[in-house]
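Chemist: Listed below, chain by chain, are the residues.
There are 2 protein chains.
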Amino acid sequence: MALTLSRPDMISLAAGFTDNESLPVRETREIVRELLSNPAKGRPTLQYGVTPGDETLRLLTAERLQRLDGVRKRSAAHDPRRVMISGGSQQILYMVTEALCDEGDIVLVEDPTYFVYLGILQSHGLQARGIQVDRDGLNLAHLERTLEHMKRSGAIRRLKMLYLVSYFHNPTGLTMSLEKKARALALLRRYERAAGHPIYLLEDAAYRELRFRGEEVPSALVVRGAGSRVIYAGTYSKPFATGVRVGFGVMPEPLFSTVIRIKGNHDFGTANLTQQILVKALGLGIYDAHLDRLRKRYARKSAVMLRAFQQHMPPEVEWWTPDGGLYFWVRLPSGIPVGQPSRVFKDAVRANVLYVPGELCYASQSSRRIPANEMRVSFGGARLADIPEGVARLGKVLRTAVRRAR
Amino acid sequence: MALTLSRPDMISLAAGFTDNESLPVRETREIVRELLSNPAKGRPTLQYGVTPGDETLRLLTAERLQRLDGVRKRSAAHDPRRVMISGGSQQILYMVTEALCDEGDIVLVEDPTYFVYLGILQSHGLQARGIQVDRDGLNLAHLERTLEHMKRSGAIRRLKMLYLVSYFHNPTGLTMSLEKKARALALLRRYERAAGHPIYLLEDAAYRELRFRGEEVPSALVVRGAGSRVIYAGTYSKPFATGVRVGFGVMPEPLFSTVIRIKGNHDFGTANLTQQILVKALGLGIYDAHLDRLRKRYARKSAVMLRAFQQHMPPEVEWWTPDGGLYFWVRLPSGIPVGQPSRVFKDAVRANVLYVPGELCYASQSSRRIPANEMRVSFGGARLADIPEGVARLGKVLRTAVRRAR
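Line by line, the protein sequences are chains A and B. So that you can map any letter, position 355 of the first sequence is 354 in numbering that gives the first Met the number 0, and since no number is skipped, the others follow by simple counting. So that you can map any letter, position 307 of the second sequence is 306 in numbering that gives the first Met the number 0, and since no number is skipped, the others follow by simple counting.
Here chain A stands alone, though its shape is the one from the complex (with noise of 0.2 Å):
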């Protein structure tokens, strides 16, 4: 990021910005200016909010995700009860690793993974164990496999928790199929009389909303014995404005009860003002109405850099093409590295383009040797203009590095 201010003519393929020419300036403008109306009508805008949240936005978000999840009866899982409001997502990710996780405790990931959750991980003392994933996502027979292995060496003991990036997958792109999240559920299940304790599924659906091709795929939370032992972590910030940063979880008790005191010492309850302006959008119809206006406006970005893709990549470097959010999964030749201490990150940054290492995204304990030929090319927080010339200095850069290694 520092390189991105410090050099105008940088265009940075790395950053997980969302797409700032679309970003709600005028909606925005007119919902606090209604919300600020007159002091009556505004003062509980301005005051303190309660810790969980607010009532309205909590029910608000349990029935959008019951739409989203295609389930008609009020379901269990779905209680506004069990919202809970935050700073962004990754605050519940954070309240939530730290509620159930011990020093020394276990979390499976996705090998690879989003690297902010390692820092959150590796920051509590907690081991990060990688699970593979395949072109559809989790391996489940090597989750199997895993999990007999941590049950015979007794380490299943110290494992709380599996964590899933389950939606246009941060770095892969991957979204997983609900078959597939039942299938990990149940298997979770299976060996918690080993475990001695629950293991928690933690579906991350950040991007959840950013789809812009295919058929919407229900939660984990739809999944029959959900409703204890999956938490769910969604955001509006990045299908309304990163700015405006509003995030919630959904969480089972005794769990939710543990993370509302941690919120309590963090924060006593998230910015009341954000709150309330995530309150109109949704009632008033005008998220939605831009959410249609950001996947157009990401489905012609992502179009861009594939057709970018196509005509500046050299024919040995492949690539995942995402059905939403905000990422290309690329690979390389496997002689040819691209971390930041290689040479090809280095002619990156000196052709003035950023990309992120994939290396970055593996859990230390990682399932194979980590790969240093990956990385994550994101078509978010570029400009629309300056995405083909962003992938044209990157080809650029890829097309000598392969033929040196010729």
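Read the hints as simulated data drawn from the structure, not as lab findings. Among the hints, a few may not be true.
[Stated by the list, open to error] Pairs of lysine-lysine, PhoX-like flavour, derived with a Cα cap of 25 Å:
| # | chain 1 | residue 1 | chain 2 | residue 2 |
| --- | --- | --- | --- | --- |
| 1 | B | K279 | A | K279 |
| 2 | B | K40 | A | K295 |
| 3 | B | K279 | A | K40 |
[Stated by the list, open to error] Calculated Cβ distances over 10 Å to all of chain A for the following chain B residues:
| # | residue |
| --- | --- |
| 4 | R42 |
| 5 | V115 |
| 6 | H141 |
| 7 | H196 |
| 8 | D287 |
| 9 | E317 |
| 10 | S333 |
| 11 | D346 |
| 12 | A371 |
Here the structure is a predicted model, which is why all the values come from computation and not from measurement. Note that the Cβ used here is the ideal one computed from N, Cα and C, for glycine as well.
Position chain B relative to chain A; hints supplied.
Modeler: Here is chain B on its own, set in the frame of chain A:
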């Protein structure tokens, strides 16, 4: 809070809420209108910021603190690079404690102190040890005796911090003199060799700007040697609008870098919209103009409360009248308990008036038997017009209790 909501006749003199009627509704609306007046100008406000907070806000904060502290020359302790923006000062307290303390460590606190901070300590498995306070703040002789005792027992090796609510203390309303802060810091330094590590002074200045009488007291940041040992937690929420939750911390390296990593894990930065509102409010003088009005408002509310005390309290009841902040500290004869299980508390609830029992504000390792006869009575959140009636109700309950105890 649940009680207040469910019983509309309830007058809460308990909550630490700020004055509702003076919230800057029009001012905030105009600021947001200006911030979001057109798309190009508005986008940065709605995009992610950086983890330590907006550069301009950090600079304005450093300058403001330096001015409040009466320091003319650029001071290392007031360097903007030491300022971190947070979601309220509470988050600073939380992160600093997480950064400095390991399970089993000891933090010295005033006896009584801010009860939410006691919760933070407890949730991290830390020990809170109480230091006595006199009418003018911390009892330095007791601090020294405690340090000496800890040195002899070896417990000093677990001591990481002294936590002080130094302005209009919650719950007692006291403000500590600069001299006392300087002497406390000097004492801590004397025991660092025995501790084997730095012992920090965490100054919680959440109420500082809410002074309505008397002279400004400089913060511990101006004390010689403060640069490397003083952590300062402040907030813009209480002086401006609690619904726009923005606080800040000032801290030395290497602590700053550790806390930034924690902040990155929590939420990688406070909502940009709320930060930009403060940038405008501070930069355009709106904040100071509002603060002027707010101080007059609290002066009036506290005067009304004082008059009501004089009128309605039985002669056996004593109170400390504050020069700022939100709280009166009230003491009954020692034979009359007022805690949650007490008859007085139940009678007060029945009479539709709430206060905070003082016993909640004592560390479990208190310096003495925890007094059961104290209460925190707030004029912050109650409506001005309700204060006389609230105090009248409380006075009636207390007169009955005093009569009963005779």
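Chemist: If a hint holds in the structure, say so; if it doesn't, say that too.
Modeler: Hint check:
1. B:K279 - A:K279: Roughly 24 Å separates the two Cα atoms, so the pair holds.
2. B:K40 - A:K295: Holds: K40 of chain B and K295 of chain A sit about 23 Å apart, inside 25 Å.
3. B:K279 - A:K40: 23 Å, holds
4. R42: 5 Å, violated
5. V115: 7 Å, violated
6. H141: 27 Å, holds
7. H196: 19 Å, holds
8. D287: Nearest chain A Cβ is 18 Å from D287 of chain B, so the label holds.
9. E317: Label holds. Min Cβ-Cβ 30 Å, cutoff 10 Å.
10. S333: 32 Å, holds
11. D346: 27 Å, holds
12. A371: 24 Å, holds
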